Amino acid sequence: MLENLNLKKLFPSQNFKETEFVKNIRPLAKATHNDLTFFDNLKYKNHAMSTKAPICITTKSLEKFLPQKVKKILVDNVLYELAKALKNIFPDADIDFPDNTLKPISEKKFENIVFGKNILVGENVKIGKNTLIGNNTIIEKNVSIGNDCVIGNNVVLKSCLIGNNVVIQNNCCIGSKGFGFIPMKDKNFKFPHIGKVLINDNVEIACGCTIDRGSVDDTEIGKNTYIDNQVHIAHNVKIGSSCMIAGQVGFAGSSTIGNNVSIGGQAGISGHLKIGNNVKIGGGSGVIKDIEDNQIVMGYPATSVKNFIKRNKNK
Amino acid sequence: MLENLNLKKLFPSQNFKETEFVKNIRPLAKATHNDLTFFDNLKYKNHAMSTKAPICITTKSLEKFLPQKVKKILVDNVLYELAKALKNIFPDADIDFPDNTLKPISEKKFENIVFGKNILVGENVKIGKNTLIGNNTIIEKNVSIGNDCVIGNNVVLKSCLIGNNVVIQNNCCIGSKGFGFIPMKDKNFKFPHIGKVLINDNVEIACGCTIDRGSVDDTEIGKNTYIDNQVHIAHNVKIGSSCMIAGQVGFAGSSTIGNNVSIGGQAGISGHLKIGNNVKIGGGSGVIKDIEDNQIVMGYPATSVKNFIKRNKNK
Amino acid sequence: MLENLNLKKLFPSQNFKETEFVKNIRPLAKATHNDLTFFDNLKYKNHAMSTKAPICITTKSLEKFLPQKVKKILVDNVLYELAKALKNIFPDADIDFPDNTLKPISEKKFENIVFGKNILVGENVKIGKNTLIGNNTIIEKNVSIGNDCVIGNNVVLKSCLIGNNVVIQNNCCIGSKGFGFIPMKDKNFKFPHIGKVLINDNVEIACGCTIDRGSVDDTEIGKNTYIDNQVHIAHNVKIGSSCMIAGQVGFAGSSTIGNNVSIGGQAGISGHLKIGNNVKIGGGSGVIKDIEDNQIVMGYPATSVKNFIKRNKNK
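Protein chains in written order, with our numbering: chain F, 1 to 315; chain B, 1 to 315; chain W, 1 to 315.
The reader is advised that the hints may include incorrect statements.
A pair counts as met if it fits within one copy or between any two copies, since identical chains are not told apart.
What the hints assert, rightly or not - Derived pair list, reagent style DSBU-like, types lysine-lysine, alpha-carbon separation capped at 30 Å:
id, residue 1, residue 2
1, K52, K117
2, K280, K238
3, K129, K313
4, K71, K23
5, K52, K141
6, K84, K185
7, K129, K103
8, K141, K274
9, K129, K72
It is worth saying that the hints were derived from the structure and are not from the lab. Please read all numbers here as calculations on a predicted model, not as lab measurements.
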C-alpha cells in the first residue's frame, strides 16, 4: 500500500514544500481526503465533480468540472505527468522485472498445501490451506492465495490477491503490467503500474488467460465469475460476480462489467465502458458503447438483438 | 474407460436397485444398449429418436421424442442432474487437479525417444518411438503419444490420445477441462469432464493453442488437420481430416466440422453446429448456423460470399 | 546465413550443372544478382518486373512479368517446388525440433546479465549486458539478445535477433515455424522456414504473444513498437516503428505495416496487404484491402470511419 508520498518528490517542477504529503494516488471516485487524484477524460466528469481528493492533476480545459476547493496541478498531458510522478516514486513499476526474491517452494513453510515440481515463490507470499499448485508455476513476492484453490502448471502470478476456492488453469499470466504508455517519437514512456489484480472467491479462470494489473486502480474479478480459455483482461477492468466469459473474449482497459453478465466467445469490450447487470453479449460482438442493465446485444457495433436481426435481414 | 456404473450410486434419489448397472454414459448417438444417455437440447431430436440407450435423463417436454422402450429419468435440468451423477462417480473430474503421479521422465523407461530438460511424466504414459519432446513439458497420467511425434516446450498434455507423426508446438494445453458448469447463485456447479482429446495422425498444432477435453463425449482432431497459433477448441468439438485452421480461430463447444474445411484467422464457430465437408470460412467470420458441404461463407453472421459482397455494397 | 547453394541439389529434376550455385534464396524485391527468387502471386508483379535475381521459380502464366534476362524455372506449383528445394538443403527447417544444444545457463559465460531459475540456452547465443531474464525461459541456438532487455518467464526464443532495450513478457513464443504448408491428401508437405524474427530496439511485447519466423523472408518488428497481450504475428509480417498493437490482434502472413500505425484490440489484418504510415485501425476491424497513409478505418470489412457510421446508421 502507498502511504505518505512526498509531493515535492512526485512533482519536482511544481511548487510544493518538502513537508507536503499525500497518502496515496487514486482515481477520482476512490480518492479520499488524503489522496492525490487525476482527471484526464470527460467521461469521468461526474466523478470529478464529487471527488474527495484535495489535489488533482488535470488540464486547463477540464479543471472547471472539479470542485473549487480542489488544488489543481494544470498540465498539458495528464497521463504523462502522472506517469513521470509515479516513476519518481516507483522506479520499478513500469517494467516487469523478474522477481529476484524467488526461491524453490519450501515444504516447511507451506505445509498445508500440495504442490508439484519446480515451483518458485517470492518473499512474503501467502498460500491458504488445502490449496494445490501445479508444476513450473511462479508466484512472485507479496502474492496472496486463499484456501482450497487449484493453480495449474506454468502459471505466473504477480501483484495479485486471490480469494478462496479459486481455480486458475495452465499457462495463465495474472498481474503483469498493463498496456499503458505515453507515445514518444523514438522511445515511449512506460506508464508505471502500481495496481493489483483482485480475484474473489469461487472464480474459475481457464488456460492461457492474461489479466493485467491495474495502473493506478486495481483490476478485479468478482465472486463466482467463470472465465474460459485465452481471455484477455486489460488493466483496471472490473468484472462483477457470477459472470460467464467465454473463450477468447477481450476487454480493453478500465471498463466496468456488472453482475450476472454473460459474454459469448471472441466478443470484445472497448475501454472505459460501463456494462450493466444481467447483460448478455453475443459471441463475436464488438461493444463500443455503455449497456444498461438486462440488455441482450449482438453484432459489431453491438446492438439489441432486434436491431441485429433487422440489420441482417435479407442479407 | 467407464464400466459398470451403479445406477443407485449415480442417482441416489431415483428409485434404482443396488443391482442395476450401466456400462457407460454416452451421448445419444453413441450410446449402446448398455449405456445411459441424456437428452437436453431439441437440436438432437433425431439422435434421440434413434438412440440405442435403454435409459435416458431428459425433461418432461423432450421425453416424447425418445423411443417408448427407453426408460426416462425426468428432471428439470438435465445437465445439472447429469453433472451431479457424474460427480458421484468421478469426484475429481470437475477440476484439473495437478497430476500427483508426475515424475521426471526416465531415460530407461522411454529409451527410443529424444527429450529435453525438466520433463514430467505421469503413470501409465505411453510414448512411441522416434518421438521428440521439448523442455518443461508435462505429460499427465494415461496420455498416449504415437511414433515420430514432435512435442514442443512448455506443453501440458492431459487426458489425450495422440497418433503418429503429430507436431504440437510450444505452450499448448491439450486436454484441460472444458468450460462447462451449471450456473448457481454464489457457487456454480462444475460439470465433470470425463472425455478425452483424440488427435489423429499427421496433425500439426501451433503455439499457444488450447484444446479442451470432452465432457461426456470426446474432442477430436482429424488426420492431417493443421491448426495455427492461439486457436481455441472447446469441449466435444470434432474437426475432420485435412482441415486448415488459421490463427486465433475459436470453436465453441460440441460443433462438428467436416473434412477439408479451411477457416481463416480469427473466425468463430458457435456451439452445437454442423459444418459440412470442403467448406471455406473467411477470416474473421462468425458462424452461427449449420453450413452444408462445399459452401464458401464470410462475415458476421457468416453468409455466402455473394451475399457478403451484396451486404457491403455501396458501403 | 545461406551461402553458395548448389542448384543441382536444390532442384535435382532440373537441368542444372554440378557447378551452378546461388548465394541465397530471397523474395523478389530483396534478391540480389546472386540469389534465386520465386514469383507465385500476381500481387508481386511490380517486384517481379524489377527483380535483380538471375533465376526465378514461377509458372507459365506469370513468367511474362519477369525481365527477359531472368532464367525461369517453370513449374505448376511454385510454393511446392520451392518447399521441396528448401527441404533438400534445410532438412530440419520444416519442423520445430527441440534444440539439442540447450544447456542450463552458465553464470560464467553470461556474467553481465541477471537471470532466474531453470533457464536453458543453446549454442552460439549472445546476450547483451544489463539484460534480465526470467525463469523457465528457453533461448535456442544462434539467438541474439541486445543490451538492457527484459525477457520474462516461460518465454521461448528461437531464430530471432533482438535489439537493445526490448521487453518481452511471460509466455511468448518468438521465432516458431509459421503456418505454411502445401496441402496434400493424407499428409501435407510442410514448408521449411529459414527466415528469422528481427525485433528492433525499444520494442515491448506483452504476455502470450506468438511471432512466427519468416519462411524465406524475415518477420520484423520495428523500433519502439508496442504489442499488447495475446497478439499473433504470422510469418514474413513487417511492422514499422512506433506502432501500437492492442490485445488479441492477429496478422496473417506477409503483410507490411507502416510506421506510427495503431491497431485496436482483436482487429485482424489479412495476408499480403500493405498498410501505410500513420494508419489507425479500430478495434475488432477486419482489414482485407491495402490502406493508404493517414487513413482511419473500422469495421469488417474495414472501411473509413465515415463509411462505417453510414453503414450502421439506423441500425
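Numbers of unmet hints, in rising order: 1, 3, 5, 8 and 9
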